[in-house]
Every structure is written in structure tokens, then in C-alpha cells.
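Those sequence lines, one after another, are chains D, G, E and S.
Letter 155 of the first sequence, counting from 1, is numbered 155 in the working numbering, and no numbers are missing.
For the working numbering, add 454 to where a residue sits in the second sequence, where the first one is 1.
For the working numbering, add 908 to where a residue sits in the third sequence, where the first one is 1.
For the working numbering, add 1362 to where a residue sits in the fourth sequence, where the first one is 1.
Think of the hints as simulated: they come from the structure by calculation, not from any bench.
Idealized CB from N, CA, C, for every residue including glycine.
Errors might be hidden in some of the hints.
Unchecked claim - Sample of chain E residues facing chain D (criterion: CB under 7 Å; computed from the structure):
#, residue
1, Y1062
2, E1164
3, V1165
4, P1183
5, H1184
6, A1275
7, A1287
8, H1289
9, E1293
10, A1308
11, L1329
This is what each chain is made of:
There are 4 protein chains.
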Amino acid sequence: LSFAALDSRLVGPLFASEAMAGVFSDEAWLAAMIRTEAALAEAEAGLGLVPPELAPAIAALSPADLDLAALGRETARAGVPVIPFLKALRAKLPAQLEPHLHKGATTQDILDTALVLRLREALALLAADLGPTLDGLARLAERHRRTPCAGRTYGQHAAPVTFGFKAATWALGLAEVSAELPRQRRRCFAVSLGGPVGTLAGLGHAGPAVLERFRADAAPWHVRRTRIAGLGAWLAELMGALAKLATDVAHLASTEVGEVEEPYLPGRGGSSAMPHKRNPVSSTVILSAHMAAKGPMIILFDAMAAAHERPAGAWHAEWHALPTLFGLASGALQEARRLAEGLTIHPDRMRAGLDLTRGLLFADAAAAALAPSLGGREAAHALVEQAAAEVRDRGEDLAAVLRRLVREPAAREALERAFDLEPAVAAAALWTDRALVEVERARAALRDEEGSCP
Amino acid sequence: LSFAALDSRLVGPLFASEAMAGVFSDEAWLAAMIRTEAALAEAEAGLGLVPPELAPAIAALSPADLDLAALGRETARAGVPVIPFLKALRAKLPAQLEPHLHKGATTQDILDTALVLRLREALALLAADLGPTLDGLARLAERHRRTPCAGRTYGQHAAPVTFGFKAATWALGLAEVSAELPRQRRRCFAVSLGGPVGTLAGLGHAGPAVLERFRADAAPWHVRRTRIAGLGAWLAELMGALAKLATDVAHLASTEVGEVEEPYLPGRGGSSAMPHKRNPVSSTVILSAHMAAKGPMIILFDAMAAAHERPAGAWHAEWHALPTLFGLASGALQEARRLAEGLTIHPDRMRAGLDLTRGLLFADAAAAALAPSLGGREAAHALVEQAAAEVRDRGEDLAAVLRRLVREPAAREALERAFDLEPAVAAAALWTDRALVEVERARAALRDEEGSCP
Amino acid sequence: LSFAALDSRLVGPLFASEAMAGVFSDEAWLAAMIRTEAALAEAEAGLGLVPPELAPAIAALSPADLDLAALGRETARAGVPVIPFLKALRAKLPAQLEPHLHKGATTQDILDTALVLRLREALALLAADLGPTLDGLARLAERHRRTPCAGRTYGQHAAPVTFGFKAATWALGLAEVSAELPRQRRRCFAVSLGGPVGTLAGLGHAGPAVLERFRADAAPWHVRRTRIAGLGAWLAELMGALAKLATDVAHLASTEVGEVEEPYLPGRGGSSAMPHKRNPVSSTVILSAHMAAKGPMIILFDAMAAAHERPAGAWHAEWHALPTLFGLASGALQEARRLAEGLTIHPDRMRAGLDLTRGLLFADAAAAALAPSLGGREAAHALVEQAAAEVRDRGEDLAAVLRRLVREPAAREALERAFDLEPAVAAAALWTDRALVEVERARAALRDEEGSCP
Amino acid sequence: LSFAALDSRLVGPLFASEAMAGVFSDEAWLAAMIRTEAALAEAEAGLGLVPPELAPAIAALSPADLDLAALGRETARAGVPVIPFLKALRAKLPAQLEPHLHKGATTQDILDTALVLRLREALALLAADLGPTLDGLARLAERHRRTPCAGRTYGQHAAPVTFGFKAATWALGLAEVSAELPRQRRRCFAVSLGGPVGTLAGLGHAGPAVLERFRADAAPWHVRRTRIAGLGAWLAELMGALAKLATDVAHLASTEVGEVEEPYLPGRGGSSAMPHKRNPVSSTVILSAHMAAKGPMIILFDAMAAAHERPAGAWHAEWHALPTLFGLASGALQEARRLAEGLTIHPDRMRAGLDLTRGLLFADAAAAALAPSLGGREAAHALVEQAAAEVRDRGEDLAAVLRRLVREPAAREALERAFDLEPAVAAAALWTDRALVEVERARAALRDEEGSCP
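Kindly generate the complete structure, drawing on both the sequences and the hints.
Right, dumping it as C-alpha cells:
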């Protein structure tokens, strides 16, 4: 089946990483459900609530022992997969252990805990790509901290920046999101155990003791889904930060601009019709992931309005959304890492681009320089605006036009300094350096986090 | 893989119909792509542009001849699946035919046309379930046109309606959406053929003639995606109309209300913990589909802002959305049909429910009846409001309280008539009948449409 | 107040037209509510249900007679505005008429009918801007049907098209949406009249007769909201079609491309810092409207799951969404019309752009031309791919490189024809003309619609 | 104007608090923009970059000195409000100060900083309502920790809980969101100062020093919008947590359930037609806010893909979204506080509700009790399932049916204990207490935060 492009064998590998696909495969789900029942049995055995043989007996089972197609058919009937799953498990267990399986638990406990186990792995995969991506972007920023290029606002050349400054903005944007990863992990790694209505009444006084062994939250979260919605929002933030990068790269790599190229991979970016094409595939994948991410995210927010002790619809709706977000994120990050590690930069094109507007990039500086001698910023702004029009109409340089228009010696001297590229480069380099300090901080936190990961 | 619940072998059968899964399987996609290339070759052969042997040679190929996993790996590299697909096709064709394959076309032509072929089948599947669902709901409305029950506003008993009136509202809501199906079909069934930049320049003067044989639009729609967004909106409307039904059913089937029950299916709606549960699985599936549908829909609207002759991201984003919407719709409609054909109705519980508020359901009628003799509607409203408070506080009947408060003979007489259920039932039956005429019209149109379907 | 930018006196005029703001002002709402009560009274008087003096007495009232701030305070208490509104109306009517006001109706009837009256005016305003926008785009397409420029896919130069072809794509995209306007009008212009629970029981046997005079639907639509969701989707489609235009214009107007300029308006597009800026304000407004439109749209789809005879929340949520969509659409269309009527085109820049890639724009044509003599399309594609790499690396022309690589006389002759611009221009012009026929059809339909508008 | 219901004088007071409306009024915006320019002037004066008289001269101006309507007209022309705003400011300043206004800054610096100042106030308002709401919910949980009522899953009675447990779930859900408020504040309270392209080049070497006085971020955030998207997500989480409460309350207050009532306010919840109605207005407002919140939220995520140094559309789109979210949140929280502080609880109805299913609420406990003696959980589950069917069909009690079916003495004894309410109540009370500890922690953090607020 493949309703989702992410799951298609034909196009899925373009959109999601293979490792992430493994984390959310049906087999991985079943394995996590088995592991959850085993962990529950172990915790309960420790308190004498179930026989000690139960946990190892469950743990010895594997997804291969179960008939996925049959489980699917039964799920369509039952409404949730845990009912046929338990039935299948019971059939595999020794008769004397069977009564003790799933003691005190409910369907949602098993599925939400299996989800948490998936999330743990999925976040580790993202962390493993986030680090090198940050490193690559930081290297670009460092290396090009003084490589001048045009700054653009509303698609128009505005004033000079450096390419390093742009890369630092990408890196810092991603670092801000990375810095939240540990918090997301902590918030999400709460096992779910509440029993039918969230009070774990089936375990009686032993409830809290079981929970303690089973590492869980202050209280069951069957119908407190903030952690899930928040995680979805974080994934969408991640794709948003990557989309900033991809938006800029796709434009910088466009034919007319040509200041960067996506890393060359033989056969990549071609066209079935046009032999010369080198389409920005990485940017395309990232941008499509960003577009596609909002959809699943809002489902998770919808699902927060979960009625009473278990809702009819809202919880099931989450299943349509969270793994999808991880799939999209894995693909987007995979491509972003490729860009961060291999983007080709053309400083010569960037330098040439600075001259495209014949000095208009310095219009702001010129107006600021002229303001004192022209009796005010508004007058200076107006004069430069008029000069800019002439630049556009007659093809002259702004400096030349202004030299013609400005006679006063002090003003002329100030004017010359306004067309100096150095202050813009120095300012850009300064902020690049400051940003990189922050990026390194986020990078280090990520490294710690990876270290602490079980 | 299964990032999407719809694609999971474990839970997918709960959320999408098997037939719809077949329509959007990878194999079906490949078959449609092969069919598209064959149709193009046939159209071109008719004009002497390619050898007549090409089309049958392509048509003889099948998805089984292609290595899906290899195609997937190559797609991840190339950025689009058509490049490896064509390479694989060429390897299978006689050498002399190979140069003529895909003449004049581009990647998007093949994928969009293959999509259109999928949509044709997908819409036919929906139509096949829509008809019986409308029939079932119309039967419920007809049968219970005079079965009284409480009308509810804001969750509160308001005034009497009939169950048939409620069912007619469901039916008419769905009929309104059904009535748009033919328009959606016509709007979407345009083959895509534009070549690299949408001008079909590679075919020269023969372009229009090829198009005519290939049945296409007035102009290529590579970057005019209204039909796709509009189709997505229609699918979301369909799920919205079904969600109205499911919202009502889930509530009517709740323990305290108990006026309907979802059709009984052994093993359905159980709980892994609670042996007595009969959860409303059909409503749950429909409501989760409705929640999940908005996400993919907005992606399609985003994608309308498609840059120039092919965008970097927006088109790919559509792949994440449209098949998903069909998957959700197929599952929701499958369950809605089940409800329409098998919902159990408890007229006795409905009748009993009318007495729950001890006459307050007639408060509106009472106020209207008293207005003339009490010197105005505002005064009557105030009196009944006060009486209603007494009903609530003391447990008396509204009729009894009002009889106590109202002395004037004409008013008392009017009052008695206000507590008659018949006018409410007659009014509800009247609108039920009118609605059913409209429903039948939509039903007939659907039947015509099915007949006209190739 | 101004939670919404659309409503702000400071920035609102940038985002919405003044006329549309008038349609959805509080005063206009009150006037429509008064008009609704008057129309109801008139319909009922015609059947002898209320005194004939009632309708004129209501119609004589105006919003200025009501205290908006007081109504707002009372609405916050009551939960809906109709309760304080009726109270205020009653206070203004002669005592003998007061009991007859609002007979048989409920709050939702008044608000939904007032909404329908707003929609009628709002759609007429959009139609009034759609026509000239289509005309302007059609003129651009017509005038530049043979003005060659680069076709771009994934941001890269792909193959030549004409600017007229691009403008025709914009026009046709908008025409497709325009063509739906009459259907949206018809679908939405159903008065709402259902009484408390939608059965109009308060009017007894007279119900249908009143409805007939009051022009309404087959049955009440209190909880059938497809028409509202569908209208929202149509408005989002409109903004999507305009966003296609704005996406292209913003890029074509970017510094490096410079093929078009937004119409010059003194003071427009400036910067508080940079005197030379001419930011594409029209595109900016349209793109922000497109981004903002998805939000309100999905609320309307959510609201379709309306419980029973009136939901607690879903109906109120619509109030947050539909007028907002009209506001955004009015502003986007206002700016699109400006672009359509005044866009500055630079054919010289377009012509110069064709040479930017030194012949690569003809790579597709070259490969097609070489295929027969090189023994297949794959071989030709590979050769041109290799040649393209040399063009990129060494700065040579593709024609020159290929002439060097290809020796065979027939192949060389075919090659020369491949670099002819004319076939691309002719193909583009052909589709331009075909598209314009469709655009004219939509334009004519819009004109008819305007004529038929009351 | 009122495109947004939030801004309407007629219905706005129902949906947003008056205080929040003040925070986002046009006048408040202008005041914040003036304050921003004054603060910038002060920071620059401290470094000798502008005359010391400038800051006080700016600070002496007030929104009343400016012509809002004229500014609006000019904004519609210019594309951003800061250009006419600065022009108006300059006209008010002494000639010698005018050249120094806005030195080094750009439009976005002023608007984003003014936004940050709004957010500071807006978050303080939310905090001021969050505290008492948490207190109220905690009191309900505390007071009813042992008040038994039905736990419901999928709308069906499942097993007993206590009302305190339900209230604790609401409180803990809200506490989780509250606990993030300090983080959101810190993340958002970064002044924006970057100049035209984010490098503050106009201030040269003084850039960092100015920034330090002006309290800003490590680097400009013109195009790093994670903080904005993240804040939007947090507001949506807040409304999601409140929607959980409102979903439950609206259902518990429904006619058939009647276990709670929204606090009585004279005139609240009435109907224009039905004198007896007491609609749950607070829940309605909260649920509509939750529905409406997703829309603006996704706009903010879209806007993260901000091109280069300032995007054409994405930044403007934010203006349509963030204040709207605060408006919705203020109204939802206002009503939630009302519920938390005044909800009427009917323990007698709750107690009566436990008997509705004639013992089925204890089916889970019965099956667990019978498992050991019946040779396994599956057998016990099946027996109780069969007994439950008899309960439903014949109207008997589950205990009676099971007593009939079970003969074995140990099993019968275990059975009796299964119908004891106490274990369920004790378990619910236990989790209530644990949750309240967490709630108190969040409450204390909020109190600290309020204390630290400038």
C-alpha cells in the first residue's frame, strides 16, 4: 500500500531516511508492543503481582511469530490493534502464564508506550543528523565570514552582507531548534500506564509501585496530549528552520543568481526531457516537507480536546500524524545535511552580483552619510531616491550621479566613504562570529544529549 | 514501511478500504505510468510521429517487469521517479523503438496523467459506496419520519424533532456533496501533456493534434493546480458531511442517551481491559478521518503557488496529500455505509427522552401560545423562563407550573395546545419529506454518473 | 480594537479593500439583521400571521438607533448577539407589534440570513475586480504572445517560452476560479429559516408557505454547512490562483531577473532605511493573503461536524473565519488587478536572459534532434548532458560544443535547427491563443453573472 | 471595520478580554512604536551617536499626536506602516533632531520590537488569568477527590473514577502548559535591531554596544522566526488544554448527563426562541477558540521559510496571525477561569449515573477477579462479555447474572469484592493527590514569574 508518498517503495526513499522508515515499520511497532508488555510484566513480577516467568516468556516472542495480515484484519473489526495482538500473544504463551498478561493495563497504555519507545529512537536519529548539519553550516559560516554578497529584502538587492553571515543565520536558526531537543525528549519519554480509565485501579495499592518501576509520569496522560502536540510543533519548527535554508539555497542556485550550487551527485537533479538540468533536489525535498508538515501538526492540536477518559476519534487521529512528521523530518534533515556538508559556493558570482545595481546597494549608507550636511535624513533620503531613479533610468553609477548632485566638500568626502564595502563586511563578520558562539553552544548540548542517550 | 497509519498492515485496514489501497499501490502507479506512455505512443503513432509498434510494445510491459526497490533507490537520487522509470522501460524495449519513447513529454506529464487515471478509479470507488449510503440514510429518514425524539442545541434538549428529520439532515448533507462528484470528475479527468515547459514545443505543429487524440485540457495544467486543490476540498467536504453523521451517532449511542447503537459486529468495539464495552468504532473512524483530512487539504492549497513552469517543492508536496485524502475518505465512507445500512434505533428510548426535562421541550411553544394573552412575547418569555427555573429547582412539570401561574381562560386553553407533541412531529415529517426529494435527485444523478463511467 | 491586521486602521487598508470592509462592518451587520427581521415579518404578514404594520416598522429602524457598545456587552453575557438585538428592537417598536417580532425564527436564522446578505454583496465586489483583472491579464498575454523569455523549472532555465504564454497561464488559472463564482453564489444565497430546532414548528402548517415567500432552501441548513466550507475553499482557491501570479511576478521583478516591474506608484515599495528600494508590494500583499487564507479555511471544514440541531462551538467558530477570508481576498484581488493593469514588461531583459545559459535552453531540442542519428534518445541525452557540463565548466556555447562533438552530416544539420527559437515561440503562442479563448469564456460568464445580480 | 469576530464591537467582547483588546489596539501599537524609537535613541545617545535630546523628544509624543486614518492610507501605499509613521514623527520633532531619528534601524526592527513589547503585556495578562484558573481547578479536584462518577471511554461508561480525578486531569493539563510560560517569555523578549539587512552596518563598530544597551539577541532575528512560531504553538497548546476541559464540561452539562452546570449568570445561555435554555456559553467560547486557533498557528509556521534578509509575504503574513491567537486565548481563558471558579457540581447525579449500566462499570474488575479461578483471563473476559450481553438484553444486574453463572466458591467470593466501589475511588484519589502536587509546582512557578515581571 502507499497512500503516503513516504511509504511508497517508488518515491518514499526520496522523502524519508531508511533508518527512520525502520523505526516506524509495522515490525518495529509490534516489537515495541511486545517489549512494552514484557516490561510491564517485569515490573509487576518485581512486586509479586505476576509470575516471574511471564516477562521472559513475552520477551522471547518476536514480530515474526505474529501474522501481520491477520492482525490487520482483526484490527479493522475490533477498532484497535491491541485486542488481536493480545489474543495472538496469549496463543503463544504457556497456559499458566496467559491469565497474567497485560495485568492492570489497557490498550492505550500499550500503544502509547510503544509510541514512546519509537520516539526515543526517532529523536536519536534526528539528533545524529542534526549535529553534522550544524557543523557543516558552521564551517560554511566560518569560512565565508568575509565573503561579500548582496543582501536581499523582498527579492531586491538591499545592502551588502557576507555569505558567512547568511550561513550563520541558517545555522543559528537550526541551533535554536536543536536546543529544544533535550526538552522534547524528556517531556515525551514518559511511559503510559493508567489502565481502563487512567486510575490503574486494577493494580490497587500496588499501582504507584508498579509505575515507579515502569518509569512513568506524575499521572496518566491518556487524555493529556500536550506532549504529543508539542512534539509535533517542534518537528514542524525543525522543518521550518530547514525551509529557511532551502528557500535561500534554491534561489541562490537559480540560473540568474548562480551564487551556490547544490552538491553534485551523478544523476541527481536531471530531467526526463532536458539533458542539461541540475535541479536543486535537496531544496525541493526540504521545501515539500515544510509544506507537508503543517497538515499533520494541526491534527495533533485538534486531538488535545480528548473527551473524558478516552475520546472517540481524537486519539486515533494522532496515528495519522506523528509518524508522518518524523518521516518528513528525516528526509528533510538528510538533504539539509547534504547541503551543509557539500554546498558549492561561488564567491566570484557573489562579488559580481554586488555590482548589478551600480552602487544602489550603498544607497542606505550614502543617505546616512549625506544627512548631516544636507540638513536632515529626510532630505538625504529624498536626494538619494532621486539619484537612484537616475541610476535605473540612465544606467549610470550611483556614486557618479551623487557626485554630480552633491557639491559641498564635507558631503562629498562623506559620500566616498559610503561606497566602501569594508564596513558592511566587517559588520557581517562580527555577527557571524557572535552567532557561531551560540551555534557551538547548541552543538555541545546536542553532544551531551547523545552521550546521555540510553 | 508505514509512516502513515493508512499504509500500515497492522492498522491500515481499519482506516481505508482494501479497494482504495489497491488504487494507490505502487504497482498500480507503475501500471498507470506504463499505460500513460503507451497512450502517448499510440496518439503519436496515429500522426506518424513514432513507429506504430511502440505503443503495443510498451503496453505489453507490466509492473512486475520492473524492480521497485531499485527504482526507489534511483528516485531518491534523481529527485523524480520518471527518470529511472524511463531508463528501466528503455532497457525492456527493442533497440529501434527506444529513441521514440516519451516523445515530446516530460516527467510531470507522465505523473500527472497517471494520477488522473488513479483519480478516475478512486472516484468510482467512492461513488459505489456513496449510493448505498444515501439509500440507507434515506430509508432511516423515511421509516422514522414520525418517530419523535429530542432536538438538541448546545448539547441541551431544545424542542422535539423526529429521528427521521435527523436522518434526513444527514442524508441531505451527504447528497449535497455527492451532487458535486460529477463536476469533480469532469474537472479532474484532463490528461496532462505539455512537455518540458508546458508548450509541447518538441512536437512542433503536431502538438495540438496529439493532444486531441490524447484527450487533454485547453492548455497544460502543470502549474494550474486549482483542480487538485478543489478535489482535495471536495474530499474534505465529504468527510465533513460524514462527520456530522458520526458526531450525532457517537452521542446518540453514548451510555446516558442510548437512542441508537452502531450495528453489531461480533468482536467489534471491545476493549482489551473491559469485557462489556461496545465502542462506536464506525463513528471513531469517521471522526478521526475528518480530523485528519484538513492537514492534507491545506497542502494542496499551498501548492497552488507554483513558481513559473514547474516549482521546486510545491508539486512534490501534492504527493504527500492527495492519495492520503482518498484513503481517509474510503475508510470513512465504508464505515458510514455500515451505519446507514445497519444502525439500530431505539424509539422507546427516544420517547422516554422527551420526558427528561418535564415539559421544558415545549417552553418555546408555551411562550408563543401565551404571548397574545400576556401582552407580548417578552412578557411570555419571561414568565416561561421563571416557570422553567421552578421546574429545574422543584422537579415539577412545566405544564403544571404554568397552569398554576396562568389564570386567564384563553391563555390556559392556548397553553394546553402548546404541550401537544403532534405539531412538532408534523413539522419534522414535512421537512423530512422535502429533504428526501432532494436526496433522491442526488441519488439519481449519481446513478447516471456511474452509468456514464468508462 | 484590532486583533486582526485586516481590521487595523494602521495597516488594514494595505490588506483589504475599503468597500469590502464596509460590507463586513458592525453597522452593516446590524443593518442586515434588521433587514432580515423585516423580510420575515413581511413574508409572515402576507400569510396573515403577523400584522402588516410590523415589517415597515422594523424596516424604519437603522443601526444608528442601536447602542453597539451596549449590545456588545450583552452579547458577551448572553452568548449570541441576537438576544440583546431583539431586546433593543422590541424597545423601539410600538407595544402592539412587539409580540409578533421574530415569529417562528431563532437566533441562527437571523445571523445566517444576515450573513447571506453580506455574502451577496461581498461576491459582487469580488466579481467587479475579477473582470478587469482577467481583462488585464488577457491583454498582457495577447500583447506578448510572441515575446520570448526563459521557461523555468525548479528555478532553473529550462527551455524558451513566451511572456504571453506565462500571462495566459495566470489568466487561465484565474478564469478557472472565476468560472465557479456563479455556482458559489447560487449555493450560498439560501435564506436560513428553521426556528429553534430547524423544523419551523412554531409556524405550523404555514411553515412552507412562509419559506416560499422568504426564498429558502429545500430544508433548513443550520447544521448542514457544506455551502460555507465550500465557499471558504473557493476563496482560498482564488487566493491560490493569485498567488501563482504573485510568485512569478515577485521573482521576475527580482534584481537579478528584472524582466518585469510592479506598476510604479509614488512612494510605494520604499524602505524606511534604503532610499533606492522598490519592493514588490502588490506581490507581497497577495502572497501574505495566500499564506493567511488556509487558516480560516480549515476552521470552516472543522465546523461541518456540527452536533445535533446546533453545536456548542462549531457555529461560533465560523464567525472567526468567513469574513476574514473575504477581507484577504479583497486585498489580494485589489493588488492583482493593479498588476494585471499596470505591470511593466522588459522584453529586452527577457531576450537577454535567453542567452544566460549559452544555449542550454535548447538542450532538450538538441537531444531530440540528435537521437535518430545517434542511435537512440538515451545516447543523445547522454551526449548533450556531457556537452552541457562542458558549457558550464568552460563557458563555451552549447551549439559550439556539440558542433565539435558531432561529425555526422545529417546530425549536424538537425542540430542547427535545434537552436532555432521560432518553434518554441510558435508553440507558446499557440497555447496562449487557446488559453485566451477559455479566458474569454469565463469573462463572458462573469459579465452575465454581473448582469443577473440583483 | 470588523473582518474578525474578535474585533467586532457587536460580538468581540464574547470572544476576547477587554484588557487584551487594549494590548493590541492601534493606539497601543503606535505607542509601542514610539517607545521603541525612543529607546533606540536613548541607547544611541549613551554612546554619543545621537543628541541626548532626541530620546525625550520622541518619548514626549503620543499616539494622539498622529492621524491614524492618514497613516493607514499611507501604509496602503508604502507597503509597511513604519515609513509614514517616521514621516509623521519627523514632522513633530525639532528640525535639528530629525536627522538622527531611527539611526541604523529598519522598519522590521521597529515593528518587531513593538511586537515584543505587546507580547510582554499580553503574556502577563494570560499569566494573571492562568493562576486563578489553576487554583480553581485544583480546588475542585481537592474537594471532589473521592466523589465517585462514571469514567467514560469512546462515550461509553467504562469504569468508576472520581470527579476530583477528572478535575485534576484538567488542572494538570493546564499546568503543563503554564509551566512553559516563563520559557516562552524569555525566548520572545528579545528586542529586534539589525538595520536594513540584519548586520547593523549603519552603526559600524558601535553596533554591538548599542545592542547591549538595547537588550537584544545574540544576532538579529529578522528571518529567524522560530520564537514566533513557537509562541503560536504554545498559545494553541493553551487553547487545546482548555478545550479538554470545555469538551468534558459541555458533555457533563448536557441534558442527559447533568452532572455539572456552568456557573449561573443572569441572562447567560438563553435563546432568542426558547425561554428554558441554559446553554453552556463558556464551553462554547472555549471550543470555538480551540477550533479557530489552528488557522493562525500554521501561518506562523509557514512564515518560517523567510527568504534571504526579508521575505516578500511571509513576514506580513505573521501580522494576520499572532495577535489573533492572543485574542482567542484571552477569551478562552476568561471563560475557563469562570468555569474553574464557579462550576456547579451534582454529586447525586454522578452517583446515580454509576448505576445506569447495572454493574457493567465493574466488568473489568469482575473479569480480573474471576480469571484465577476460571483458568485464565481470556476465559474470564469471555464469560463477563456474555454476562454483559444478558445485562443489556434482559435488564438484570451484572452481579446477579454472574452469581448465576459462577458456582465455584472462591470465584464467588472474589466476585463480591469486584463490585466494591472503594478500590476505584481510592485509586482515583491517589492520582488526584499526585497530580495536585505537580499543579502546585506549576502554580508556584507562575507566581515567581509574575513577581519577576517588570
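Hint-by-hint comparison with the structure:
With a cut of 7 Å, the hint placing Y1062/E at the interface with chain D holds, because the nearest CB-to-CB distance is about 4 Å. Nearest Cβ of chain D to the Cβ of E1164/E: about 4 Å, under the 7 Å cut. The hint holds. Nearest Cβ of chain D to the Cβ of V1165/E: about 5 Å, under the 7 Å cut. The hint holds. The interface hint given for P1183/E is met, as the beta carbon of that residue sits about 4 Å from the closest beta carbon of chain D, less than 7 Å.
With a cut of 7 Å, the hint placing H1184/E at the interface with chain D holds, because the nearest CB-to-CB distance is about 4 Å. A distance limit of 7 Å between C-beta atoms decides the matter here; for A1275/E the minimum to chain D is near 5 Å, and the interface restraint holds. Hint status for A1287/E: violated, given a least beta-carbon distance of 11 Å to chain D, over 7 Å. Taking 7 Å as the C-beta cut-off, the interface hint given for H1289/E holds, the closest approach to chain D being about 5 Å.
Satisfaction of the interface hint for E1293/E is found here, the shortest Cβ-Cβ separation to chain D being roughly 4 Å, below the 7 Å cut-off. Hint status for A1308/E relative to chain D: violated, with the closest Cβ pair at about 15 Å, above 7 Å. Residue-level restraint check for L1329/E is violated (minimum Cβ-Cβ distance to chain D is 16 Å; threshold 7 Å).
Of the numbered hints given earlier, the model fails hints 7, 10 and 11; all others are met.
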